[in-house]
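K.L.:
If you're matching them up, the sequences are chains A and B in order.
At position 61 of the first sequence (counting the first as 1) the number is 61 in UniProt numbering, and the numbers step up by one without a gap.
At position 31 of the second sequence (counting the first as 1) the number is 31 in UniProt numbering, and the numbers step up by one without a gap.
Hints are computed from structural coordinates only; laboratory data are not their basis.
Residues from chain B that face chain A, not an exhaustive set, calculated with beta carbons under 7 Å:
#1 A47
#2 V57
#3 V123
#4 V268
From the three backbone atoms N, C-alpha and C, an ideal C-beta is built for every residue, glycine too.
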Amino acid sequence: MMAGWSEKLRRNGFGWGLVLPSLLFLCLFTYYPMLKSLWLSMYEKNLATPEPMFVGFGNYANLLKDEVFMKVFGNNIGFAIGTVPTSLALAFLMALFADKAIKGRGLARLSFFYPNMIPMIAVANIWLFLYTPHFGIMARLASWIADQPINLLGSPDTVMGALIVMMVWKEAGYFMIFYLAGMQQIPKDLYEAAAVSGVGALTSIRRITIPLTMPTTLFVAVVAITNSFKLVDHLWIMTKGGPNNASNLLLYYIYDTTFNFYDQGMAATMTVVMIALLLIISSIQFFGWDHKIHYE
Amino acid sequence: MGNPLKLPLLLNRKYRKPLVDNRTLRYESTRRRILQILWNGIGFGFAVVWMIPFIWVVRTAFLPKESTIGTGWSWGLTFDNLIHVWQAAPFGQFFMNTLLVCSGVLVVQLVTMTMAAYAFARVEFAGKDFLFMLFLVQIMVPPDVLIFSNYQVLNEMGLLDTKLGIMLPYFASSFGVFLLRQSFKQLPKELDEAARVEGASRLHILSRIYVPLSRPIYVSFAIVSVSFHWNDFLWPLIVTNSEDNRLLTVGLAMFAKATESGAQWSDVCAATLIVSAPLMIGFLLFQRQVIGSFMNSGIKG
Chain A
1 MMAGWSEKLR
11 RNGFGWGLVL
21 PSLLFLCLFT
31 YYPMLKSLWL
41 SMYEKNLATP
51 EPMFVGFGNY
61 ANLLKDEVFM
71 KVFGNNIGFA
81 IGTVPTSLAL
91 AFLMALFADK
101 AIKGRGLARL
111 SFFYPNMIPM
121 IAVANIWLFL
131 YTPHFGIMAR
141 LASWIADQPI
151 NLLGSPDTVM
161 GALIVMMVWK
171 EAGYFMIFYL
181 AGMQQIPKDL
191 YEAAAVSGVG
201 ALTSIRRITI
211 PLTMPTTLFV
221 AVVAITNSFK
231 LVDHLWIMTK
241 GGPNNASNLL
251 LYYIYDTTFN
261 FYDQGMAATM
271 TVVMIALLLI
281 ISSIQFFGWD
291 HKIHYE
Chain B
1 MGNPLKLPLL
11 LNRKYRKPLV
21 DNRTLRYEST
31 RRRILQILWN
41 GIGFGFAVVW
51 MIPFIWVVRT
61 AFLPKESTIG
71 TGWSWGLTFD
81 NLIHVWQAAP
91 FGQFFMNTLL
101 VCSGVLVVQL
111 VTMTMAAYAF
121 ARVEFAGKDF
131 LFMLFLVQIM
141 VPPDVLIFSN
151 YQVLNEMGLL
161 DTKLGIMLPY
171 FASSFGVFLL
181 RQSFKQLPKE
191 LDEAARVEGA
201 SRLHILSRIY
211 VPLSRPIYVS
221 FAIVSVSFHW
231 NDFLWPLIVT
241 NSEDNRLLTV
251 GLAMFAKATE
261 SGAQWSDVCA
271 ATLIVSAPLM
281 IGFLLFQRQV
291 IGSFMNSGIK
301 G
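So that you can see chain A by itself, here it is in the shape it has in the complex (with noise of 0.2 Å):
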């Protein structure tokens, strides 16, 4: 009786020893900073207020009064669906190429993928050159289409479609690389069963691939969709958010807010309906939708 006790209690300081180190990181820089943003998005906390003034939910009420929030969530939310039905539709193309190519399928891959080990903020600087009026590539492209020169990035129409563009550029390769893993994982006979009663390639495409890299359609989406809410960093470069707020993104503005306005509690309003989005996005995929979508 006492041999069992106590090694059960060994075991389970065993278990949580091991995990303590990890749990202790988790703690202070992920569930503290959750609850405490929880905490401060009731409070008014500003260069005007800077001792913690109880508002309730005066917070969440002011942010949903504050047009540039609400243009700013548009705006990241209209960058989720220009960049993720794009990048995700090239990436199954890129795949499809890089798969099934012969020749010059190692070069395929490289070209598409190596946008990926170049950092954002580089990334930001190469395209701001390309975007630059008169000098850049993109610049004179644009300019030759509308037949007069254009400013992508200094004007509120056009600059959200220039980061899309780059956005797509530097994400597509990405996510080939998962369809890629996919695709390998289709058993080959599938195909040739196909080929041999006549389907078409296309139709092949259409009625196996699509369906059987669903799982991995899922997966990418979750993972392009939350991208599009992390990745801000190209705007410190590129825009600072303007011109007029026009490519503001949400993760930008609470940088902004807490760094240039130093308003703390709205910022840690901000962080919190940003938590809230993240759960909901991610528990698509941990959840639910996951174990139906293979066979329909």
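Got chain A sorted already, so can you dock chain B onto it with the hints?
P.N.:
Then chain B, alone, in the frame of chain A:
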């Protein structure tokens, strides 16, 4: 009617006009070949288009300053820009800082994740499932989005503007734990039992059996982790104030901002190249390994 064996077709051919049959056959194969060429053309066309931005930057970085402004193509080649940039900002220092932060984060991550992964894979303890759910939260809400609150935590700890401060939020990696746990679980339990019969302690088993057998996963994780932290920007920007603690990405951003006024694109391109080069060279050398690692990183825990 169905014609499952296709045999009668061969027999029938004699009675048909062979010319027509041949022609449709040839037409079919030409059509297929044209489509194949078209598909390859589009594919490689895209591959080339994808290369253009980087080639453009490399070209500008090595081009003499005078020719950058001109619209025509010129063939000058110079290292002046690179040398000038290297001397204009302490990129050597930034490089060492980045190296230190990346390796520091990686080493601690490897230790913490090995321990936690073993516990989740092989030890039965109270509250295990609950803890597992807690660990999931970090994957859903990564430290990148908690910049505002983590800044305050770091402030409370008095660790602002230190390299340790940059590293701390990343010392525990749930992603690494899940990746490794998956690999640990696939090892046969009999290995454990056999080793315990021999009198080996569990820590001994972990370090002598589990860790060596999961080497590919460690390599994958290391590649993903280093490339993430090498490229990270917003967090190091917020935390650091002094040049002594600045990382490459932050240094590059500051440099680009400072030179923005003039159209000194050759300098900015050179700096961009310097910052991207180390990872890029590593990627070109170990292409398969790197792509494979990112592939592994998509497997869910």
